[in-house]
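K.L.:
With the hints as a guide, bring both chains together as one complex.
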Amino acid sequence: MESKETLFIDGKEYPFQAGETVLNVAQRNGIDIPTLCFMKNASPTGACRMCVVEVRGARTLLAACVTPAAPKMVVKTNTPDVMKSRRLNLELLLSSGHHNCLVQDLDMDSWTDFQLRSLKADGHKDICPVYGDCRLQELAIKYQVRGVRFEPTEPRHKIEDVNPFIVRDLTRCILCGRCVQACNEVQVNNAISYGYRGTRSKIVASGDRALKDSDCVFCGECVQACPVGALVPVQDILENDPSKGETRLVKTTCSYCGVGCQMYLHVRKEKIVKVTGVEGIGPNYGSLCVKGRFGYSFINSPERLTKPLIKENGAFREASWDEALNLIQTRLGKIKKDTGPDSIAFLVSARITNEENYVAQKFARAVIGTNNVDHCARL
Amino acid sequence: MTNPIGDIEKAQVILVTGSNTTENHPVLSSYIKRAVTQKGAKLILVDPRRIKLADFAAKWLRPTLGTDVAWINGMMNVILKEGLYDEAYVNSRTVGLDDVKKVVEKYTPEFVEKITGIPAEELKAAARLYAGAKAGSIIYCMGITQHTCGTDNVKSLANLAMLCGNVGIEGGGVNPLRGQNNVQGACDMGGLPNVYTGYQKTSDPAVRKRMAMAWGVSNLPDSTGLTVMEMMDGAHEGTLKAIYIIGENPILSDPDQRHVKEGLGHLDFLVVQDIFLTETARLADVVLPSASFAEKDGTFTNTERKIQRVRKALTPPGEAKEDWAIIADLSTRMGYPMNYKDAQEIMAEITRVTPSYCGINYNRLEQDGIFWPCTGTDHPGTPCLHMDSFTCGLGVFHGIEWIPPAEVPDEQFPLYLTTGRVLYQYHTGTMTMKSEGLNRLAPESFVEISNEDASSLGLQDGEAVKLSTRRGAITAKTRISLKAKSGTVFVPFHYAGGPANALTNPAIDPVSKIPEYKVCAVKIEKIQGGI
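Line by line, the protein sequences are chains B and L.
Position in the first sequence (from 1) plus 520 gives the number in my numbering.
Position in the second sequence (from 1) plus 61 gives the number in my numbering.
Derived by calculation from the structure, the hints in this document are not laboratory data.
Keep in mind that a hint or two might mislead.
Below 20 angstroms or equal to it, Euclidean Cα-Cα: the simulated PhoX-like pairs (lysine-lysine) are [as the list claims (entries may be wrong)]:
(1) Lys-771/B <-> Lys-262/L
(2) Lys-373/L <-> Lys-791/B
(3) Lys-322/L <-> Lys-831/B
(4) Lys-373/L <-> Lys-794/B
Pulled out of the complex, with its shape left as it was, chain L reads as follows (with noise of 0.2 angstroms):
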């Protein structure tokens, strides 16, 4: 996020896209309610569900999945047309906006209404709203991203941002929310394949050089790493011989089951290191058990770049050990000793090699968190990102085309599907699937289908349907919702009976490398005689 979470509360205008904040982020979903209820603001929602937050929102948007840079750009032709654009703030911090002019253009409401099935009306009435705000708050979430066009879709909310002088501004920003504890955290400290912690750039010798003489070896690979798309690939293909996983179910949670499955069993050698044996484990050649958070100290960094303790209460079951120890205790038998005392040492590391961090220590966050880039010890952080100038100087304004997902509904496979979360359930279920409770309250898959799809279908609420798709078919109850919107179908994916991800598209996006979770075509068929 560029902001803090405690901006929303500060913004006129919150426009929400691609995320079911109610469910997947509750406690974050009460700052947009209480924005709206007891500060006056307004809610622009863009999402085809009618989720929870439809009924904050002062205009509800239901764009065809799939059709976000089309939206976009045509709330940007509004904009400009109009003349509603913060003139003085783009003249000021950005560059490039003829690029987005030449774009937008052609994008008319009319136009978008075409792709999106929005009424221009309503997109033109949203465009003003979020435009005639002093401070607006975009607020998006794997809805935007999970898309082949998904960086397309985060660089256009940046545009919409930008042009209406949003970036910078207290109450304002462009803030994705992460999914996961520490999502952040983990790229902050260098788990991607192209960067070291604090995003400094592998490909650069000088990093490298720098980080070779940190961690005290001579020379760092130059070439950029797999992610893990493509690391499934090169399993298959079989360039790939070994991969160490740690605390994740690539099973359940990547795309296109049937290729993980696969691609892991093609594997000379497959370590996983968990607290429990997941679905991924059971593949596993070797299984470590690891520490939960309730065992270990240690940082997690939250959505808003927060660096917050995390506090051993509980003493590891069995001999479960911190995931760190496991690793020092593998590198030291290769030959290269990691002797940390324990995970403040290891803090100590990360804030000499990491600029953004180069001001943590846990002294500092004992009562409370610190944002990063925090550049000293007396450096208070960082709450709001690129206040007087952006980070890279200059905001740039990207022109994007819209394009379709990599597969639309056709004859064969007639529906929309698009996948996500429920309140209480969590990712692939290891953890929540323990919880008595939350079981009750959220037992089994299902699919949410429109009142229209069903009676269309001769479907009946609580009965079994077979959902197939190019790459491969579930069963799962059907439930009749008006959350749902006509031709378009939600399944979770928490659910190992029933896994949505064998039905999931993996074309992805050309530069993020993200799935396109969000959109394929699907085909639902009555079980004869029932299950």
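Bound conformation, chain B alone (with noise of 0.2 angstroms):
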């Protein structure tokens, strides 16, 4: 449906629909404002102050994401007042938390003394596990923006490494709010919430517990969504040290339930280091589950099968292909011949592909010549 209403962006003429914001129209025309707090498919919050841009004739910058789009509206995205406010949001946010990143310290003569304490506080002795990864960092080095204008605060809170699958930093956390959204508007878990009031703000799961005496089930979607270093995968401290090499993604699809989530694979050496959703198609939009995020260790699993077992008097030993396939060949022959093909039967796999089920059954019918093809849909 084409729209009449047209508003302004930095000069140019964009329509938009009745309910659209300006970071809406600006996102979809490709103009770049840049967000830090805001979630696409969550109510927006304007709480980052990141996305501000000049309308003319309002009182103050407008955050983009929380702004109405109006007929007529002029808006400018870039003017000095627009990049002075955003770099000096930056410089507050640098401050609020613990960002021990070299953002803090473009020139090492400035480290302060805070900034040395904090780093042999507990537990951060090492760089922060998102480095590079970061959407703060990212900010700080394109706005030019360092942490060295405002004193830092004192780190407030414990790290919490208590359950199986998150840390919890939340001395590196800016309260962008972007956890919160995803816990409680897109999984609806319901598990985490802004807590205490002020300059005591935190994000706190049922009443400032850890998260395992919480009602988060660990789907990780706030790890997904948090732009910095406070929510972090466990295996993300022990794994992702730059220094052990690039990793490379591979978009598949999960292997445990029939939803058909949309997965990353982040792959180090041939080590799988991480797995995150796929944003922006379905089924699952960047969703994932406890199951699919962080259970992907069987895939390394020392356990795993290497080589063909065939048993004999009552135990396994290691065989090679040849045999092993010669075996069955001679073995399944004999029975065919013997006992007629429908005494052979094959449970082929809701777990393989489907190029494999039709291999599979293929083989049943065409090969051994038996319609005794099933598999465990039922159970």
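P.N.:
Rendered as structure tokens:
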């Protein structure tokens, strides 16, 4: 449905639909307005104020994510005032938590006592686990902002790592609220929310308990939504040391239930080190569950079968493919000859691919000559 | 599913039954929860257990196990009596309503209350709510199908949906959730005893002739093959000599474990092809190492009939190989060369012999999947089935009488037992139990029991108890829970140490051959002196 209403962004006229925000219109037309707390498919909060724009006639700068598009509105996305405001916001955000990446210190002389002290604080001796994969860092670099202008706040929170999957380091939290949106509006698990007020504000689970003692089901939606290093998979702390080499992403389909979530396997040197949901396409639009996101260690398990096994006198011994397949060929061939093809049966699988199921049932029907083919659809 | 997953958020009313969605299909359950919390949909939950979705339900009905046909007939009784059904839809798109009318007449809410324990007024309210929706979606899972009357249950839900004009519309439908990543695909690919790919019947001579030609063989078998359960019987009786199992663990997943173990033990020859040495693989004569999903290219078809790509990220460990490559090698050795270069070449062959997949190729699947039927490379796929008419013409109503489960509690075995999964484990645990984290969150089997039942048996939370049925016995820890309905206990089936399927009843549905996992009678005893 084409709308007749239009607004102007940076001098160009764009149509919009009723209900769209300035940010919606900009994003749809490829105009870059930086966002941090904004999350697709969740109601905008306007919390981080990175997306501020200048609107003619407005008293102050407005957050594009919560400003409804209006007829003949004139929006400017990169005036000096806008840039100044975004830089100030970033400086405040960098000082509001424990952001000890290089952004804090582009020239080594300006380390403050505080930073040295907090670097030595428990659990913070290593570089931030999301270094290079942090929206705040990315924006700080883009806007050439350092975290030295304001005295950083003291870290008030202990790192929580008492559950098997998610490390919560609220000293790095910038209170953008994306995790709260992810938990309450996307997955609707309602496990976390804002707690306390003012400078004591904090993201809490069930009355400020550890995640493992809350309603959290460890889907990890919050981890994927977190733009900084406040919510990190345990595995990342162990594996994601950039010095171990590059990771590459492989897009595939989850192998647990029948929903068929689209996921990225993060692979480093023949090992899965992380799994994330593919955003932007169904059926999951970035969401995963605890099994899909964190239950991948079976793939690289040392218990995987690596060689054909043949049982002799009640015990298995390793065999070559030739030996194993020739044995099967001989035995199935003989059984088919002696008692007929219908004395042989095949269980194909709900776990293997379509192509493999096809080949297996074709083998049963065309080569062995039986319709004794089934799988555990019923079980 | 008749409708895509995204349609759930377009429904006004969602009826979920026999599906513990938040634990078994967590990502899909978010659609239901969002529909309720953000889109104004009303949820009707019909489940004896107080599962998480009960928190989101406008109506929660708590029937006695195995009484589904009764409450569905009861809802239809109310809808018909109050004239709430979609008359225009019924007249133009269906036949056989009289058959249903005749049967459901006696299923008054009061009569149904006696069978199901659902208060008559509650049933009426739920019926009115469902019938009043412009678009009503029915979502079900194994809690509906794993009964001796599973086929009746499914047909009854279809009756209810058709009666209210909810099949073939956006946001409606009758939507079974598939429990495993590629159950849909395994069925689509002819992994069943009576059909080739795309549900083409093996009993149809024209189909057989076409498949034989495509596969270059002179003839193909015409008799219907054995189902899993029948295979185990055949193994017992000695009529079946060999089974070749790919990626399944029937010792834990099939009912009546002893029967399965003995059956497999009787075979002359057992081959198991898997990624781990499973409980079943240990019984094999030959075990073949296969590649996991992360080590192969191919496709899975999800519960909404969407064909999606699987991509190779790793090389298989050691000498493990893709399952198709193993079969192709064996086939070649047995005198029928299969020289597929890769999975893509196999898909090309699938599309040539399968009308519903004929428009599929890997190029088209690169960005996003496609819903079958997809009948040409320019066909966009079919997210929603039965839109203008049913695939088979008119929708047919079937009047169905309720029959009780094969086994109900008695003096000797006084409680109902039902089984299922928990969030942190999956099926027989071959994959999830390799994760230390998942094991920390769900380490061991348990029996979920109501406070009332626990106190009448004198059980403490965490206390180990012995559960026994006519098939076998296990021990498990007591978990006193608000989830449990009094008189009914729940045991997850993942755990080899405390296997629920040592208890379950192998009685099967006469049509679908699904075993009655969801109901049997059980006795719980204290273990004197503990274990």
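K.L.:
List, from low to high, the hint numbers that the structure doesn't satisfy.
P.N.:
Checked against the structure, the only hint that fails is number 1, while the rest are satisfied.
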